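A.B. asks: Read off the chains here:
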Amino acid sequence: MTLLLFSKLVRLLLKEKMEYRADFVLSAFAQIISYAGDYIVIWLFMKQFNSIAGWNWPEIALLYSIGLFTYALGASFSFVQMSGLEGQVREGTFDTLLIKPVNPYLYLISRGFNLAYVAHISISGTVLIWAIAQLNLQWSWTDYVYLLLALISGAMIHAGLLTAIGATTFVWVRTGYLFSLFFQLKEFISYPLPIFGTVVQLLLTVGVPLAFVNFYPAAFLLSYETSLIPHWAKWLVPLAGPLIYGLGYRFWMYGANKYQGAGG
Amino acid sequence: MSIIAVNGITKTYRQYRRFPGLIGSVRSLFTRQYTEEDAVNNMSFTINEGEAVGYLGPNGAGKSTMIKMMTGILVPTNGDIKVLGVVPHEARKANAQQIGVVFGQRSQLWWDLPVTDSFDLHKYIYKIPDSAFRKNLELCMSLLSVHEFVQKPVRQLSLGQRMRVEIAMALLHEPKILFLDEPTIGLDVMAKDQIRRFLRTVNRERKVTIVLTTHDMKDIEEICPRMLVVNKGSLVYDGSVEDLRAKLGSERKVIIDFRVDPGLLDIPGITLLQDEGIRKTFLVPRGESTVFEHVSRIASQYPVEDASIESLDIESVIRKLYLQLASEEQPISKIG
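Chains V and L, in that order, are what the protein sequence lines are.
First residue of the first sequence: 12, per our numbering; consecutive thereafter.
First residue of the second sequence: 437, per our numbering; consecutive thereafter.
Because the hints were derived from the structure by calculation, they are not lab data.
Being a predicted model, the structure only gives us computed values, none of them experimental.
Hints should not be assumed to be uniformly reliable.
Cβ pair distances, simulated, as ranges [as the list claims (entries may be wrong)]: (1) L:ARG591 to V:ASN61: 35 to 41 Å; (2) L:LYS654 to V:GLY218: 58 to 64 Å; (3) L:ARG570 to V:LEU126: 28 to 34 Å; (4) L:ARG570 to V:LEU146: 55 to 61 Å; (5) V:LEU55 to L:THR471: 53 to 59 Å; (6) L:HIS651 to V:ARG185: 26 to 32 Å; (7) L:LEU458 to V:GLN59: 33 to 39 Å.
Derived DSBU-like pairs: lysine-lysine, alpha-carbon spacing no greater than 35 Å straight-line [said to hold, decoys possible]: (8) L:LYS529 to L:LYS628; (9) L:LYS518 to L:LYS689; (10) V:LYS111 to L:LYS563; (11) L:LYS628 to L:LYS668; (12) L:LYS654 to V:LYS28; (13) L:LYS689 to V:LYS111; (14) V:LYS58 to V:LYS245; (15) V:LYS111 to L:LYS683; (16) V:LYS28 to L:LYS643; (17) V:LYS19 to L:LYS518.
Ideal placement from N, C-alpha and C gives every residue a C-beta, glycine not left out.
Pulled out of the complex, with its shape left as it was, chain V reads as follows:
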């Protein structure tokens, strides 16, 4: 599928969204308020305790913002698409995807590209920039490059995991609880990993590797020790995204072939 087709789809999506302008603006507004609330809760918490596992408020804000920013970026290409797959498979509209001369995965994620995440992106992006400024970090350009790579990788981790969950639709049809499980786990990465026990740390590192989204990149950028990943592996961390996304995509395509075999 060409970039041209993607831009064509985005233009149509924008047009479609503008049919319900008020709804779009209101829900974006609601999202910003809801996440602002989350920030305030963490801020109040930090005012009380000053630091969690040695991380102060701007550092926690940086950690949380990387998590939210990458989630928004990854989810705009995957969440609605993958959670909606259940309905599409049940109603048979997924069939119409397989009769187009395009890659069904790429078409699905582009067709469902969710512009509503602009709300998440703007609030988390703003806080992220504020936190970096606040911390008065003496970053070299490699640190900025590392942050950029971490953001891309984090988005890919989110998208990859959501894609993998979506792929289970082809076998089980019902997937709602897996998505809620994902969001439960995602709650954990709002805080530095060391506050959790070894089991949770291991789970978030090797089981559902959400710690690679924000904790490991932030820890390396802020020069914190991490017990599970040695310092020399710093530059390997941003590889987690492409790896997980690649696996998620493979799994999804495998699932789609299963669908072709089993017929929903």
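Based on these hints, arrange chain L on the given structure of chain V.
C.D. replies: For chain L alone, coordinates are given in the frame of chain V:
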């Protein structure tokens, strides 16, 4: 030249047992317990270029499954299938480029946007050259009078208008074969007529091969010289409407209007088809006594207002075929 060749195709749905809850679904993943059901069973047929074929059968006969295998949506469990020289599910994209598919119950249009936007996107997806796109659009617009509502959002269209648009869109990339799954379902008589006329034109003049499933026998009569009838996954009839009528329609339908309701009539040799009180419809086999003799015998016993004799319409022929098929499986409920 055959452009669809189906050879010994079987499609078995394997339904794994599912367990409730989160732990249950993990268990479901590893379970080996399943039930199998053949939706299509050892089916073989060929369709030649330029044909218009009606594919029909009772609900659950495996019609949609066969269409989905021919369009590359599903992979057959067994057998060979070739559409335009390629195996549809293996060369899914190449196949998609060459065929048009219309689902009567599933829209492929953008619900909130004007029709033109869906057409425009279709042009990109199928990489249709400008000139061909304009030409095909013109043709479809004039034949289906789509131009009246081409600027309206799809959600504001009536079902009849929407179906016309769906069909027009499926033809924009000049497919060699057009598959239609129940294209006239839920439409009014006028809309059905227009779609049938259009499909006939597309088939006869543009030589597009048509394969359609339907429950409306008029679709078959008006569009398809050939029909394939399936039942329980097997092909039970392949031929023309006329031949089937000749084979099964050696019966006449007699509608008798009585002056007063004679109650339940049991006349040996003929079957009561429909009972609406004073109007009763009988099925009279051509045999020793003629239709006329039967009618006059009834008239001598009951006060008859009017009687009319009809040849079996295609619907009754098909109904008879289905009933016959059902009776072959359950000899007790034998009809006629």
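A.B. asks: Hints first: check each against the structure and report whether it holds.
C.D. replies: Consistency of the hints with the structure:
no.	hint	in the structure
1	L:ARG591 to V:ASN61: 35 to 41 Å	55 Å, violated
2	L:LYS654 to V:GLY218: 58 to 64 Å	60 Å, holds
3	L:ARG570 to V:LEU126: 28 to 34 Å	31 Å, holds
4	L:ARG570 to V:LEU146: 55 to 61 Å	59 Å, holds
5	V:LEU55 to L:THR471: 53 to 59 Å	56 Å, holds
6	L:HIS651 to V:ARG185: 26 to 32 Å	31 Å, holds
7	L:LEU458 to V:GLN59: 33 to 39 Å	35 Å, holds
8	L:LYS529 to L:LYS628	31 Å, holds
9	L:LYS518 to L:LYS689	42 Å, violated
10	V:LYS111 to L:LYS563	11 Å, holds
11	L:LYS628 to L:LYS668	28 Å, holds
12	L:LYS654 to V:LYS28	41 Å, violated
13	L:LYS689 to V:LYS111	47 Å, violated
14	V:LYS58 to V:LYS245	31 Å, holds
15	V:LYS111 to L:LYS683	41 Å, violated
16	V:LYS28 to L:LYS643	40 Å, violated
17	V:LYS19 to L:LYS518	33 Å, holds
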